[in-house]
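Asks: Next come the chains, spelled out residue by residue.
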Amino acid sequence: MSSMDSINEFADWLKDTPVATFVQESEWAFQALETVHVLALTLVVGTIAIVDLRLLGLASTDRPVTEIARDCLKWTWGSFAFALLTGGLMFTSNAVKYLGAFPFRMKLLFLLLAGLNMLVFQLITARGIADWDRDRPVPLNGKIAGALSLTLWIGIVTFGRWTGFVINPF
Amino acid sequence: MIRAFCVWLAATPLSVMIGSTRWVVPMVQTLHILAIAVVLSSVLMLELRVLELAGRSQSVMQAARRFLPWLLGGLAVLAMTGALLIVSEPQRSLVNSAFWTKMCLLALAVTATLGLQRAQWRIVASQEQPCPAGVAARAIAVLTFFLWVAIVVAGRWIAYVEHG
Amino acid sequence: MNRILWIAALAATLALPAASVSAHHSFAMFDMNKAVAVTATIKEFQWTAPHALLWVVEDPKPGEATGKMWTVELSTGPAQLTRVGWTKRSVAPGDRVTIELSPLRSGEPGGSFKKLTILKTGTVLESGAPDASADNLPDAPDKAKPAPGQR
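Protein chains in written order, with our numbering: chain X, -13 to 156; chain L, 266 to 429; chain G, 78 to 228.
Source of the hints: derived by calculation from the structure; they are not laboratory data.
Do not take every clue at face value.
Computed cross-link-like contacts, EDC-like style, restricted to lysine to aspartate or glutamate with a CA-CA straight-line distance of at most 16 Å [as the list claims (entries may be wrong)]:
id: 1; chain 1: X; residue 1: LYS1; chain 2: G; residue 2: GLU121
id: 2; chain 1: G; residue 1: LYS165; chain 2: X; residue 2: ASP119
id: 3; chain 1: G; residue 1: LYS197; chain 2: G; residue 2: GLU185
id: 4; chain 1: G; residue 1: LYS192; chain 2: G; residue 2: ASP172
id: 5; chain 1: G; residue 1: LYS165; chain 2: X; residue 2: GLU11
id: 6; chain 1: G; residue 1: LYS145; chain 2: G; residue 2: ASP108
id: 7; chain 1: X; residue 1: LYS83; chain 2: X; residue 2: GLU(-5)
id: 8; chain 1: X; residue 1: LYS129; chain 2: X; residue 2: ASP119
id: 9; chain 1: G; residue 1: LYS111; chain 2: G; residue 2: ASP172
id: 10; chain 1: G; residue 1: LYS165; chain 2: X; residue 2: ASP(-2)
id: 11; chain 1: X; residue 1: LYS83; chain 2: G; residue 2: GLU135
id: 12; chain 1: X; residue 1: LYS83; chain 2: X; residue 2: ASP2
id: 13; chain 1: G; residue 1: LYS138; chain 2: G; residue 2: GLU203
id: 14; chain 1: X; residue 1: LYS83; chain 2: X; residue 2: ASP(-9)
id: 15; chain 1: G; residue 1: LYS145; chain 2: G; residue 2: GLU135
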C-alpha cells in the first residue's frame, strides 16, 4: 500500500469520527473555527512580515534584528498554534475533499517550505548574527530568508482563500 | 433606497466585469486579508508599546513613526479592496447588518487607536523623563486591539449573515 | 482630525437602522422561480452545515464526451435535513439521480436544490426547508388557515 493510499484511508476514516461529525453537523462550529483561523493567520503573517522587513533592511533598521524577533515571534508562534488547531479541526470535517483540492495541497507545501526556510535561517544564517545584528546591513542569506518568508506566506494566504472557494463555492 | 443603489451598482460595467471572471473576487479578498495582516500587526505593536510589552528600546513616538504609516497604508488598501468587493456584490455588503456593524466598529477603532496615540505623544512631550502609561491608557490599548479583532469577526460574519 | 473621526463614528452609528433590512439568507444568486431537472451521477455529497452540498455530473449530451458538473447547494444543513429523513449516506458517489434545482442566474452549472430522485430505488429526497419561491405563486393556498367547516 502506497503512502498516498494510507493518507486517503486515514482521511476517509476521519470523517466518521465524533469530532468530524460535530464540526460537519454543527450550525456554528465551522464558521467559528474559520473566523478564528483567519484572525490567527493575519497575526502570523503580520508579525512575521515585521521580522522579514527588518531582514530585508526595509524597516526598523534602527533596532537590532534580535530585538525585533524577540518582540514579534512569540506572537507569531502563539497565533500559529491557534491557526493550526482551528485548521486541523476544519480539516477533519472534510479531510478527503481538502486533500483532493489543489490549492490546499499547495498551501501545505508552502507551509512546509516556510518552516524549512525558518529552520535554515535559525541553524545556519543566524549563527553569525552578532556581527550584523545592529547597525549593519543584513547578509545576503538573511535577506533571502526574509524575501522567501514573505513570498511563501503571501502564497499561503492566497492558496488558503482559494481553498475556501473550493470547499464552499457559494 | 439602499436597495435601489445596489441594483444600480450591480448593473455598472465594473460590477459586471468583476462578476464575469472567477478569479477577481478571490484575488481582491486575498489582498484584503493581507492588508488586514498589516493593519492588525501594526495595531498590535503600537498597543504593545503603550503597554510596554514590546519595543521598549524606542519611544512611543518612534514606535508611531514605524507603525502608523503602515497602519494608514493598510487601511487605504482595505478601503480600495473593500470598495471593489462592494461593487462586485452590492447587496451582499450593503444590505447586511454585519457590514454596517463592521463599519461602525471601524470608525470607533480608528478613533480610539489614533486618539490613544496622540494622548501618549502629548504626555511624553510634557514630561522630562519617559513615564509609563497610566491604567486608563493601558485599558484603552487592550480594548482598542480587541475592537480591531471585532472588526475582523464582523467582516467574516458578512458571509454568514448573507448565507443564513 | 479627532472631530472628523468622531463625526464619522456618529454617522456610521446613525446608518445602523439601515441594517434592519438585512437579508438573513440571500437566494439572490439563484432564479428561485425557475426549475431545471438534471439527470446525473453523484460525484460528491458534502454533509455540512449551514448548507449541505451536492456535486453531480450530468449525463453527457449527444456529441459530448462527458457531461457538465453541477454544483447544487441545499438550503439547509444536517440538523434540518435529518428531520425530513436525510442521513449522511442518503446518497453516495456513483448513485444515478434526477435532481431538480433553481439555477444560478449567472448561467453557470449550479443552483439551489429542490428535489432529488434516486433512479434505482425511486426514493425521493426533499429539500427540508420551506420553498423560498412559494410566496411568489399567486394561487398558492394559504396552508395556515383550516379548510372551511373544520376546526
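Asks: Now tell me, hint by hint, if it's right for this structure.
Replies: Each hint tested on the structure:
no.	hint	in the structure
1	LYS1/X - GLU121/G	holds (14 Å)
2	LYS165/G - ASP119/X	violated (57 Å)
3	LYS197/G - GLU185/G	violated (28 Å)
4	LYS192/G - ASP172/G	holds (15 Å)
5	LYS165/G - GLU11/X	holds (10 Å)
6	LYS145/G - ASP108/G	violated (19 Å)
7	LYS83/X - GLU(-5)/X	holds (13 Å)
8	LYS129/X - ASP119/X	holds (13 Å)
9	LYS111/G - ASP172/G	violated (25 Å)
10	LYS165/G - ASP(-2)/X	holds (14 Å)
11	LYS83/X - GLU135/G	violated (20 Å)
12	LYS83/X - ASP2/X	holds (14 Å)
13	LYS138/G - GLU203/G	violated (26 Å)
14	LYS83/X - ASP(-9)/X	holds (15 Å)
15	LYS145/G - GLU135/G	holds (5 Å)
Hints 2, 3, 6, 9, 11 and 13 from the list above are not met by this structure, while the remaining hints are.
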